[in-house]
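Visitor: Below, each chain spelled out in residue letters.
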Amino acid sequence: MTASEVAVRVKGVAKSFGGTRILNDITIDFYKGTVHALVGENGAGKSSVGKIIGGYYSADEGTLEIEGDTVTRFSPRDALKRGVAMIHQELQLVPELTVLQNVFLGQETNRAGVLVKGDLSRFKTLEQTCEFGLDPNAKVASLRIAERQKVEIMRAVAREANVIIMDEPTSSLTEDEADRLHGLIARLKSRGTTIIYVSHFLDHILSTCDRVTVMRDGEVIRTDAIAGETKQSLVDSMLGKASEISWPQLPPAPADSVPPIAEMREVATTSGLSNISLSIRPGEIVGLIGLVGAGRTEVGRALFGADRLLWGTYVLDGDVQKNLTIHQAVKKGVALVPEDRRKEGLVLSQTTRPNVSLASLEQISRMGVVNRRRERDRVAKMIDHFGIVPGKVDGEVAFYSGGNQQKVLLSKWAVERPKLLILDEPSRGVDIGARQRIHEFIVEMAAAGVGVLLISSELEEVINLSHRGYLMSEGQIFAQADCRELTVQDALKHIFRQQGQEKHPKEGIAV
Amino acid sequence: MSETHLPTSKRRSVNWIAVGDFARQYGVLIIIGALLIGLSFASENFLTARNLLNILNQSAPLAIIACALTLVIIGGGFDLSTGAIFGVASVSAGWLAINVDPYLAIVAGPVIGLMLGGINGMIITGFGVHSFLVTLATSLVYRGIAILITGGALIPVRIPEFSWLGRERIGMVNVAVIVLFVFMALMTFLLNHTTFGRKVFAVGGNEEAALLSGIRTKLIKIMTFCLSGGAAGLAGVISVSRISMAEPQAGVGMELEAIAAVILGGTSIMGGSGAVWRSVSGVLLIALIGNGFNILNVNPFFKDLTTGVIIVIAVALAASASRR
Numbered sequence: 001m002t003a004s005e006v007a008v009r010v011k012g013v014a015k016s017f018g019g020t021r022i023l024n025d026i027t028i029d030f031y032k033g034t035v036h037a038l039v040g041e042n043g044a045g046k047s048s049v050g051k052i053i054g055g056y057y058s059a060d061e062g063t064l065e066i067e068g069d070t071v072t073r074f075s076p077r078d079a080l081k082r083g084v085a086m087i088h089q090e091l092q093l094v095p096e097l098t099v100l101q102n103v104f105l106g107q108e109t110n111r112a113g114v115l116v117k118g119d120l121s122r123f124k125t126l127e128q129t130c131e132f133g134l135d136p137n138a139k140v141a142s143l144r145i146a147e148r149q150k151v152e153i154m155r156a157v158a159r160e161a162n163v164i165i166m167d168e169p170t171s172s173l174t175e176d177e178a179d180r181l182h183g184l185i186a187r188l189k190s191r192g193t194t195i196i197y198v199s200h201f202l203d204h205i206l207s208t209c210d211r212v213t214v215m216r217d218g219e220v221i222r223t224d225a226i227a228g229e230t231k232q233s234l235v236d237s238m239l240g241k242a243s244e245i246s247w248p249q250l251p252p253a254p255a256d257s258v259p260p261i262a263e264m265r266e267v268a269t270t271s272g273l274s275n276i277s278l279s280i281r282p283g284e285i286v287g288l289i290g291l292v293g294a295g296r297t298e299v300g301r302a303l304f305g306a307d308r309l310l311w312g313t314y315v316l317d318g319d320v321q322k323n324l325t326i327h328q329a330v331k332k333g334v335a336l337v338p339e340d341r342r343k344e345g346l347v348l349s350q351t352t353r354p355n356v357s358l359a360s361l362e363q364i365s366r367m368g369v370v371n372r373r374r375e376r377d378r379v380a381k382m383i384d385h386f387g388i389v390p391g392k393v394d395g396e397v398a399f400y401s402g403g404n405q406q407k408v409l410l411s412k413w414a415v416e417r418p419k420l421l422i423l424d425e426p427s428r429g430v431d432i433g434a435r436q437r438i439h440e441f442i443v444e445m446a447a448a449g450v451g452v453l454l455i456s457s458e459l460e461e462v463i464n465l466s467h468r469g470y471l472m473s474e475g476q477i478f479a480q481a482d483c484r485e486l487t488v489q490d491a492l493k494h495i496f497r498q499q500g501q502e503k504h505p506k507e508g509i510a511v
Numbered sequence: 001m002s003e004t005h006l007p008t009s010k011r012r013s014v015n016w017i018a019v020g021d022f023a024r025q026y027g028v029l030i031i032i033g034a035l036l037i038g039l040s041f042a043s044e045n046f047l048t049a050r051n052l053l054n055i056l057n058q059s060a061p062l063a064i065i066a067c068a069l070t071l072v073i074i075g076g077g078f079d080l081s082t083g084a085i086f087g088v089a090s091v092s093a094g095w096l097a098i099n100v101d102p103y104l105a106i107v108a109g110p111v112i113g114l115m116l117g118g119i120n121g122m123i124i125t126g127f128g129v130h131s132f133l134v135t136l137a138t139s140l141v142y143r144g145i146a147i148l149i150t151g152g153a154l155i156p157v158r159i160p161e162f163s164w165l166g167r168e169r170i171g172m173v174n175v176a177v178i179v180l181f182v183f184m185a186l187m188t189f190l191l192n193h194t195t196f197g198r199k200v201f202a203v204g205g206n207e208e209a210a211l212l213s214g215i216r217t218k219l220i221k222i223m224t225f226c227l228s229g230g231a232a233g234l235a236g237v238i239s240v241s242r243i244s245m246a247e248p249q250a251g252v253g254m255e256l257e258a259i260a261a262v263i264l265g266g267t268s269i270m271g272g273s274g275a276v277w278r279s280v281s282g283v284l285l286i287a288l289i290g291n292g293f294n295i296l297n298v299n300p301f302f303k304d305l306t307t308g309v310i311i312v313i314a315v316a317l318a319a320s321a322s323r324r
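From first to last, the protein sequence lines are chains D and Z.
Mapping to the UniProt record's numbering: the first sequence position 216 is 216, numbers consecutive.
Mapping to the UniProt record's numbering: the second sequence position 53 is 53, numbers consecutive.
What the hints contain is simulated information worked out from the structure, not anything from laboratory work.
This structure is a prediction, so every number in the text was calculated from the model and none was measured.
Glycine included, every Cβ here is placed at the ideal spot set by N, Cα and C.
Do not rely on the hints blindly, as some may be mistaken.
[What the hints assert, rightly or not] To be clear about the criterion: a stretch of chain D counts as covered by chain Z if any three or more of its residues have a C-beta under 8 Å from a C-beta of chain Z, and this derived list gives those stretches:
no. : segment
1   : 328-336
2   : 347-359
3   : 363-377
[Said to hold, decoys possible] Here are the simulated DSSO-like cross-link-like pairs (lysine-lysine), alpha carbons at most 27 Å apart as the crow flies:
no. : chain 1 : residue 1 : chain 2 : residue 2
4   : Z       : 303       : D       : 331
5   : D       : 381       : D       : 331
6   : D       : 124       : D       : 11
7   : D       : 81        : D       : 32
8   : Z       : 218       : D       : 332
9   : D       : 381       : D       : 332
10  : D       : 124       : D       : 189
11  : D       : 322       : D       : 332
12  : Z       : 218       : D       : 343
13  : D       : 189       : D       : 139
14  : D       : 32        : D       : 11
15  : D       : 322       : Z       : 218
[Claimed, not checked] Pair by pair, the computed Cβ-Cβ distance ranges are:
no. : chain 1 : residue 1 : chain 2 : residue 2 : range
16  : D       : 221       : Z       : 308       : 50 to 58 Å
17  : D       : 118       : Z       : 137       : 51 to 59 Å
18  : Z       : 40        : D       : 363       : 45 to 53 Å
19  : D       : 391       : Z       : 47        : 42 to 50 Å
20  : D       : 176       : Z       : 29        : 54 to 62 Å
21  : Z       : 308       : D       : 394       : 44 to 52 Å
22  : Z       : 23        : D       : 11        : 28 to 36 Å
Could you build all of it, start to finish, from the sequences and the hints given here?
Guide: Laid out in structure tokens, this is it:
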């Protein structure tokens, strides 16, 4: 089998939604047995190309060829029959079923439609290829996002697809898990599987992929072999101008004498945290450093009144809190931008305007009646402030790109400046342009005297954007660090050493 | 190569999308318009102010329930107890009108309905049970209460101070129709111009997001059920005052008619989107079909059949819109 055999050919494809053209004259050849990256800012159209190949969208113009055959009226079902499987950015699993049932959904071992034993042994064979270490009998609803993503990947592998489209496969995986995924990709590739890899993580692309197509504004800019590419060369093509990957300058940290806006002393919660002691001062950016599952999100939720405290003291803005509710927390000026913006953040059935207003309706209303003109002005100001595209006050946020959805969500809390801002993975799944804007926003907030708690799986991001950081593992804070002196390598070393101590106290595993 | 082909296909597809969106958006109004025109040609008795006002007057109680039910459904809930609350309010108002005071009876109906709706809401949010199950159960309880109040008997209520609500006219327009319009305007205002309305949309559209925005989602849900119960109570009082008779079995099946009207109007059963005018249009559409059958003297068997088919078509259209 030669490397130049074309597995999927997209030729002259165009696609519009409600009069907006999102793809224009897309032509890409994906060769058999290669890992082909699609990169571009959010809204550049790379996910849409994936969805056309996976059968989720039909092209308005142009043709799609799978292994030399031109296909028309291509549904996800047809795609699967032809060996094309897609792993979505928004995962598509049945939460009430087990891992095993999800992996073999639609292709259970059966005799004339009656389920028979055999799935478990198939799962074990599959696990030898994937090495994910998932419990086949765990309910998907009980899994974290990262684990759900693994289930989704196993499902595609189980279907023995020739072409696997992965849309942001590593966005919720830790570095270690991402490495394992890349090992799996290498194994699949050696079997002749074609991988279409849509991602924002340029490091992963540079280390894993063979070829790369750069897209911008719904068009292909160029397709090249990955050899010879650098992060900078890809970013330049994506943005269409030379730019630098940089971190914004942090405002000076507040003095130690400044009383904290929020302080927790030896707090334990119903969500499994214990021994949490932390403080956040006005104007300070505090990072939570830890692996996925270390309990970072839970700390944010506890500060926001979303999870109950079992014991310990929580002082918010000078008052000791007992049984704080989210409603009270918001009234006291606490804001939380959650991890999963589509599930927990935005009301997708509504437009930008009500979404931005949702957390501060009292400020634009009198006796419960909303002042629409003030509301429009306020929303327009935020659209301007963040550079939200499309810039319509009543834009359909459900169809926005990830970066712009995130900006709408940030607007909700920025529109009335909070006192304590908790950001959970604020730049996950957004493009480079939006990411830089979000970073600037974090710094702006701190400069204006807001206390910021930053949670991110990207260690580089937390460390570079925070004044101070707390290191977390297994639901506990085990150390504090000055982020201006901490390096990613050191942070990782600390975290893994801590984990090793807890799990194998005698073996003392070193990293 | 596709130079000549491209512009025509593009223009055509854009137009179809626009037409399709318009039809889905205003489907109810289009069908109502078509029925109005068709029935005007079919019978000269149809397009008279008298007949049209009659249709409105007869549909007023159902339309009032549908208006408030819209808020429940937008908020992601479901209320199967409106018919039973209608019954409780009917007999309570009837009893109060005779034994205590007719004006108190008129006020008491909606208030009792509001409280029963509040009980629904508190059970739903307190125990975290789906509103469908809770209201199915409470509807049996409430119907039982209605029967207990009268001991199963009918209460004749022939008091002018009470029956004006359902029978009097101001000029040509029935009082009940005016009550309907005021109530409809009130619900529309609540939904579209108040913080409460915003919260209802948010709770139905994404409850988790609403909660994480500091909205007391349980309170909002309870309030929607209060409104729906209150509306059922008001509708019950109007109905008793109109027929001068309170009966415990009044309003049986009304909850389903109201739900059908809301869905027919195009409010999403999934919550998060919809409008009050849509539900009133749904009620009117069902009423027009009934009126048309009367005027044309067609076998009434076809009435339910036609109504059912139209509901199926409307729901299918709405579903095809959300799939796109």
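Visitor: All hints, please: hold or fail.
Guide: Okay, the hints, checked on the actual structure:
1. Beta-carbon proximity to chain Z at under 8 Å applies to 4 residues in the segment 328-336 of chain D; the threshold of 3 is reached and the given coverage holds.
2. Only when three residues or more bring their CB closer than 8 Å to a CB of chain Z does the claim for the segment 347-359 of chain D stand; here the count is 8, and the claim holds.
3. With 5 residues having a beta carbon nearer than 8 Å to a beta carbon of chain Z, the segment 363-377 of chain D meets the requirement of three or more and the stated coverage holds.
4. Between residue 303 of chain Z and residue 331 of chain D, the direct Cα distance comes to roughly 54 Å. Violation of the 27 Å bound is thereby established for this hinted pair.
5. Of the pairs offered as hints, the one joining residue 381 of chain D and residue 331 of chain D holds, with about 23 Å between alpha carbons and a cut-off of 27 Å not exceeded.
6. As the CA atoms of residue 124 of chain D and residue 11 of chain D are separated by approximately 40 Å, the hinted pair breaks the 27 Å bound.
7. Among the hinted pairs, residue 81 of chain D with residue 32 of chain D is consistent with the structure: their alpha-carbon atoms are about 17 Å apart, no more than 27 Å.
8. Note on residue 218 of chain Z and residue 332 of chain D: the hinted pairing holds, with a Cα-Cα distance of about 20 Å set against a maximum of 27 Å.
9. A C-alpha spacing of about 24 Å is found between residue 381 of chain D and residue 332 of chain D, which places the hinted pair at or below 27 Å, so the restraint holds.
10. Among the hinted pairs, residue 124 of chain D with residue 189 of chain D is consistent with the structure: their alpha-carbon atoms are about 21 Å apart, no more than 27 Å.
11. Our distance criterion of 27 Å between C-alpha atoms is met by residue 322 of chain D and residue 332 of chain D, whose separation comes to about 14 Å.
12. A threshold of 27 Å between alpha carbons decides the hint, and for residue 218 of chain Z with residue 343 of chain D the separation of about 19 Å falls inside it, so the pair holds.
13. Of the pairs offered as hints, the one joining residue 189 of chain D and residue 139 of chain D is violated, with about 30 Å between alpha carbons and a cut-off of 27 Å exceeded.
14. Using a Cα cut-off of 27 Å, the hinted pair residue 32 of chain D and residue 11 of chain D holds, with the two alpha carbons roughly 17 Å apart.
15. A hinted pair counts as satisfied when its Cα atoms are at most 27 Å apart, and residue 322 of chain D with residue 218 of chain Z qualifies at roughly 20 Å.
16. The supplied range of 50 to 58 Å is met by residue 221 of chain D and residue 308 of chain Z, whose beta-carbon atoms lie about 55 Å from each other.
17. Checking the proposed 51 to 59 Å range against residue 118 of chain D and residue 137 of chain Z shows it is violated: the Cβ atoms sit about 43 Å from each other.
18. Checked against the hint of 45 to 53 Å, the pair residue 40 of chain Z and residue 363 of chain D passes, with Cβ atoms roughly 51 Å apart.
19. For the pair residue 391 of chain D and residue 47 of chain Z, the supplied restraint of 42 to 50 Å holds, since their beta-carbon distance comes to about 48 Å.
20. The hinted range of 54 to 62 Å is satisfied by residue 176 of chain D and residue 29 of chain Z, whose Cβ atoms lie roughly 59 Å apart.
21. Under the hint 44 to 52 Å, the C-beta atoms of residue 308 of chain Z and residue 394 of chain D, about 36 Å apart, miss the expected range.
22. A C-beta distance of roughly 35 Å is found between residue 23 of chain Z and residue 11 of chain D, which places it inside the suggested range of 28 to 36 Å.
Hint compliance for this structure: hints 4, 6, 13, 17 and 21 are not met, and every other hint is.
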